[in-house]
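Participant: For reference, the chains in residue letters:
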Amino acid sequence: MPISDNGQTKTWQRRTTGESLTRWFVWLICVAVFLYCWQQISEATTWFFVWDAPRIAGDIWDRATPPRLEYLTQLGRPIWDTLNIATFGTLIALVLAVPTAFLAARNTTPSVLFIRPLALLIIVSTRSINSLIWALLLIAIIGPGVFAGVIAIAIRSIGFCAKLLYEAIEEIDRSQVEAIASTGASRWQVMAYGIAPQIMPAFAGIAVFRWDINIRESTVLGLVGAGGIGLQLQASLNVLAWPQVSLILLVILVAVVVSEWISAKIRGAII
Amino acid sequence: MTTPAYAELDDMLGKRWKKPPFVPNPVLRWAIILGFAAYLIAAFSTIEVNWSRVYEGLDRGWQFIISFTRPDFISRWEDIWGGLLESLVMTVAASVVGILISIPIGLGAARNIAPLPIYLLCRGIVALSRALQEIIVAILLVAIFGFGPLAGFLTLAFATIGFLSKLLAEDIEAMDRSQAEAIRASGARWLQWINYGVQPQVMPRLIGLSMYRIDINFRESAILGLVGAGGIGATLNTAFDRYEYDTAAAILLLIIGIVMALEYLSGVIRARVQ
Chain V
22 MPISDNGQTK TWQRRTTGES LTRWFVWLIC VAVFLYCWQQ ISEATTWFFV
72 WDAPRIAGDI WDRATPPRLE YLTQLGRPIW DTLNIATFGT LIALVLAVPT
122 AFLAARNTTP SVLFIRPLAL LIIVSTRSIN SLIWALLLIA IIGPGVFAGV
172 IAIAIRSIGF CAKLLYEAIE EIDRSQVEAI ASTGASRWQV MAYGIAPQIM
222 PAFAGIAVFR WDINIRESTV LGLVGAGGIG LQLQASLNVL AWPQVSLILL
272 VILVAVVVSE WISAKIRGAI I
Chain A
927 MTTPAYAELD DMLGKRWKKP PFVPNPVLRW AIILGFAAYL IAAFSTIEVN
977 WSRVYEGLDR GWQFIISFTR PDFISRWEDI WGGLLESLVM TVAASVVGIL
1027 ISIPIGLGAA RNIAPLPIYL LCRGIVALSR ALQEIIVAIL LVAIFGFGPL
1077 AGFLTLAFAT IGFLSKLLAE DIEAMDRSQA EAIRASGARW LQWINYGVQP
1127 QVMPRLIGLS MYRIDINFRE SAILGLVGAG GIGATLNTAF DRYEYDTAAA
1177 ILLLIIGIVM ALEYLSGVIR ARVQ
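Sequences listed follow chains V and A, in order. Position 156 (the first sequence) corresponds to 177 in this note's numbering; numbering is contiguous. Position 63 (the second sequence) corresponds to 989 in this note's numbering; numbering is contiguous.
Source of the hints: derived by calculation from the structure; they are not laboratory data. Beta carbons are placed, not taken as given, at the ideal position from N, Cα and C, and that holds for glycine. You may find that some hints are simply not true.
[Claimed, not checked] From the structure, some residues in chain A lie toward chain V, with a derived Cβ separation under 10 Å:
(1) Arg-942
(2) Ala-964
(3) Ala-1019
(4) Tyr-1045
(5) Phe-1071
(6) Gln-1127
(7) Ile-1149
[As the list claims (entries may be wrong)] The calculated label-pair distances, taken between Cβ atoms and stated as ranges, are:
(8) Arg-1110/A / Arg-35/V: 32 to 38 Å
(9) Arg-996/A / Glu-64/V: 48 to 54 Å
(10) Arg-1110/A / Gln-34/V: 33 to 39 Å
[As the list claims (entries may be wrong)] Non-contacting residues of chain A with respect to chain V, defined by C-beta distances greater than 10 Å in every case (computed):
(11) Pro-952
(12) Phe-970
(13) Trp-1007
(14) Val-1018
(15) Gly-1074
(16) Arg-1145
(17) Ile-1182
(18) Leu-1191
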């Protein structure tokens, strides 16, 4: 325990002098990096607009209230599309994520050296790219519409679902698997009776959780043209129809809150 | 052939053994299955897919996949570097500010240390920040503050607050009360109580979550450019619009590489603090 001694009295200190110096140095670097970043942002900003911001915000607020409620009748179909994008995207993702997860989990992969890194690469690369970027790419390839949205959501979700699922597979109880294997079960039977029942709750939880996130993400996919309520949002923004924008934002907010509530209920029932 | 090896078990049960179903209640099980099937059919019939357009696109899709094998970092390097630097700058600044603000809000949103009015206020802020997605916040902030990284910075900081405060508050609510009480019993003031009774218990998780959030912020900063809030997204969007797939592939590879590096780094740091 470091103690400073000034002749008569000894005082307890939390760290030695060297430790404190190192810490101060690290903090100094952190502050310097932050200040550099702030300076970069500041240089790229037109400060006149920022000082003007409260007036602009008030102006937009005035224009956006009250929301144009009659527009609600035209939002039924986009909301239905949004729901479908999220659901089908999640389903396709799950179908692809299950084999990926089994290939990525240390205890079920056929080859730790060759196949596992490949599965992990799929997981990382699909996970690190946002669904909006996938949508952008898919629209260039297969044209705008709901289908591009479904595929974008599906690709983005593979990594997320597979990662959580393979972690669940790695945490299973070995003894149950061994018990099934010792009865002479084949590799597939071991999977069906030894592993699947153990990861089923985790699987259902992941599916619902990801569906909830996908509802959130599919509401904005339309901004790049991939169907759903985002298309209406983009159209309204383009013509500066602020009362419609505020209504759409309210609808999105309700959709997100409701889907989160549903998913919390279902997960509560499973676990 | 007619008497399988498990005949004995079947006799004991009085019926064939079957795997127990995931949803035990049969009525509920069939209701879920039929309802979901009905929904799927209804949903599937309303999705319009232009298959000939998809078929034409396959060729372009293949070109894009091919371009991953020869990404073009060189010809647009200036734009890529500028966008990437802006993304990183936004990530760092927004993470620092977001984490600093989310600590007091997280303290306020924990029921066991905050009085009710403050608790409700902080929970309200958290709920608002979590319900609004980054890209929508970015659209509004770009409209208010104008184009550029400031809007992106504010968006990410706002999103960080919702994420981190909620998880921090949950962690504080789950902490060990006796340690905090021991500090309080020694006559500590409120700040000392937080500093010595609460902080040591939640610090490892706070660091872990902060690292995770930095990772998320970088990923999100890559799309903010689509709506004009600065970062690599604008460059990426331009590359797609011009069908410069090799440049787009280069940008995507850089994003994946940086995310992997950040994930590895946060793994190392989290392993050290726990």
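Participant: Compare the structure with the hints numbered earlier in the document and write down the numbers of the violated ones, lowest to highest.
Facilitator: 1, 2, 4, 6, 8, 9, 10, 12, 14, 15, 16 and 17
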